[in-house]
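Given the structure of chain A, go ahead and fit chains B, C and D onto it with the hints provided.
From first to last, the protein sequence lines are chains A, B, C and D.
Numbered by my numbering, the letters in the first sequence go through residues 277 to 429 in order.
Numbered by my numbering, the letters in the second sequence go through residues 277 to 429 in order.
Numbered by my numbering, the letters in the third sequence go through residues 277 to 429 in order.
Numbered by my numbering, the letters in the fourth sequence go through residues 277 to 429 in order.
What the hints contain is simulated information worked out from the structure, not anything from laboratory work.
Take these hints with a grain of salt, some might be off.
Put simply, identical chains are the same to the list, so a pair is met inside one copy or across any two.
[Claimed, not checked] List of simulated lysine-lysine pairs, DSSO-like, C-alpha gap at most 30 Å:
hint, residue 1, residue 2
1, K386, K411
2, K400, K289
3, K380, K400
4, K411, K335
5, K386, K400
6, K380, K411
7, K400, K410
8, K380, K289
The model shown is predicted, which means the values in this text are computed figures rather than measured ones.
There are 4 protein chains.
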Amino acid sequence: MDISQYKHKYQIKVRNYEIDWQGIVHNGNYLLYFEVARVNYFKDTGMEIDERSISGNTKIVVARNELDYFNPATYDDLLDIYTRITAINNSSIRCEAEMVLTEKNIPIAKCITIHVWVDPVSNKPVPVPNYYRKKIQEFEEGRAAILWPSVEV
Amino acid sequence: MDISQYKHKYQIKVRNYEIDWQGIVHNGNYLLYFEVARVNYFKDTGMEIDERSISGNTKIVVARNELDYFNPATYDDLLDIYTRITAINNSSIRCEAEMVLTEKNIPIAKCITIHVWVDPVSNKPVPVPNYYRKKIQEFEEGRAAILWPSVEV
Amino acid sequence: MDISQYKHKYQIKVRNYEIDWQGIVHNGNYLLYFEVARVNYFKDTGMEIDERSISGNTKIVVARNELDYFNPATYDDLLDIYTRITAINNSSIRCEAEMVLTEKNIPIAKCITIHVWVDPVSNKPVPVPNYYRKKIQEFEEGRAAILWPSVEV
Amino acid sequence: MDISQYKHKYQIKVRNYEIDWQGIVHNGNYLLYFEVARVNYFKDTGMEIDERSISGNTKIVVARNELDYFNPATYDDLLDIYTRITAINNSSIRCEAEMVLTEKNIPIAKCITIHVWVDPVSNKPVPVPNYYRKKIQEFEEGRAAILWPSVEV
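The shape of chain A in the complex, shown without the other chains (with noise of 0.2 Å):
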């Protein structure tokens, strides 16, 4: 896995009870995971999008996850996960995230995230505000493909 391209890094440890009837990590999980070290990111870059996904008075929702599992991971594990915005469209948002076993780098698996801005009333798609697309591209120094509308939302 190559992990030059990520900036942000949020370690989990796997807890005894995420372990599933086969011994391992149950690939639901792995979902969860991958928000938790997301939600890190949108806090650490400074987007303030807090913990409910609301961002003022706009909803962010989950519009799809795409997750690839390549290794299992099992109890007391100690996972590293990799999480960037690869692309900011008019309405969307677009991370990846990559999550490999700590020290020993075992690739674990893979998330692409799409985030949708919905007005909170009619759950219709709003534009992303600028101020997000500037904390990104500065957070991502150029690696993100940044949409600018020609409006300033």
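Chains B, C and D in isolation, oriented as in the chain A frame:
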């Protein structure tokens, strides 16, 4: 959503603790709902894959999950989950599933899952036995793209 | 188990991902099952406590949970959960519930839960409104020990 | 809370998806946190009970959980969990644990758990081996009430 392609339906009811801070079902729970339906599909089609995803001396692992979220479900919602196997390759099967709000036919989410048959010791892929290919060809009545190996497995 | 004291029954089905490494339902899930049944008890008795445990401008919090485990439940088991309020004091209610394997009447677990009515801002206990006392006296037909405050609340 | 009785401490961080509809940690998660700490206590005291709660050819099951909730924890809170075994009887051990908000010493919850040693086939209680009694007497330096069987087990 076109559910005419599906022969298998499983119903699930949203439980109160599955609701998140936004007042809707947390995005990770849909993955779990789809899995519950899929395990029942395996059972109902006679695939003899147990709840641990063990089949004889072969382990079946999840290699990929793709989830698209259309509308949020909320507390006490009754959900219909339609599941089918759309392809069987050498060592993998591809499941597709769609979730709608019962009776209202509102699309909630879609999930594509790739399972791989692996040796429980080496974790290397092994061929999906022909036994399953026959079961699925029968159940899906030609709607699944099944690769038949030249050598009997 | 003596279930003759109960008027309210709720059924739940064990889902595959609730099974732990020992091959049985993880001990934390029974707490969740009992809660699902209790939320339905509140609804069915007309207590108008919503899924967030908010009732009008009062918050209802869990102050204590006591769980006894008798026999393990496992995958696909159908469970009958019997719930009742056994006491209402000044600011708290006491719920008791028993879980048995459907049709086989094998005792699975018992749960006693204490809920407290609190002010949502100060988090200080407030009296349970008489409205609920009446509802429960009616529904439980005298089986609940209800303290009636001298002042109307 | 008097934490001077405890020698074992484990730290846990609240994850965003553990927050419920009221904006606080769901009451079922504290049970899980206490379990994570307890499994670590077993490991750190050399009790050789694995993550499946299997010890040699004996299965260790949870017979009772008592939880008292004092103050709610919320997103990103760091929690200190203090765990100790307070008694070993013939076939059971009693664990007590207290959870406080790290650095602020605000009490969050308390948990008492009874574990029973059972035969994995018959599920009947079997004596806790003396090996564990010695380990705990040593670790707890006389603070645990240990029953010593007259016959060597």
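Structure-based check of all given hints:
In this homomeric assembly, K386 and K411 come within 30 Å of each other (Cα to Cα) only inside a single copy, at 24 Å, whereas the closest approach across copies is 32 Å. In this assembly of identical chains, the alpha carbons of K400 and K289 lie at most 30 Å apart only when taken from different copies (26 Å versus 37 Å within one copy). For the identical chains of this complex, K380 and K400 are inter-copy neighbours only, at 20 Å across copies versus 44 Å inside a copy, given an alpha-carbon limit of 30 Å. For a Cα distance limit of 30 Å, the shortest separation of K411 from K335 inside one copy, 18 Å, qualifies, whereas the shortest one across copies, 38 Å, does not.
Proximity of K386 to K400 under the C-alpha cut-off of 30 Å is found in both arrangements, the shortest distances being 29 Å within a copy and 20 Å between copies. For the identical chains of this complex, K380 and K411 are neighbours neither inside a copy (32 Å) nor across copies (33 Å), given an alpha-carbon limit of 30 Å. Taking the shortest alpha-carbon separations for K400 and K410, only the intra-copy value of 23 Å comes in at or below 30 Å, while the best inter-copy value is 44 Å. Both within a single protomer and between protomers do K380 and K289 lie at most 30 Å apart by alpha-carbon distance, with minima of 14 Å and 24 Å respectively.
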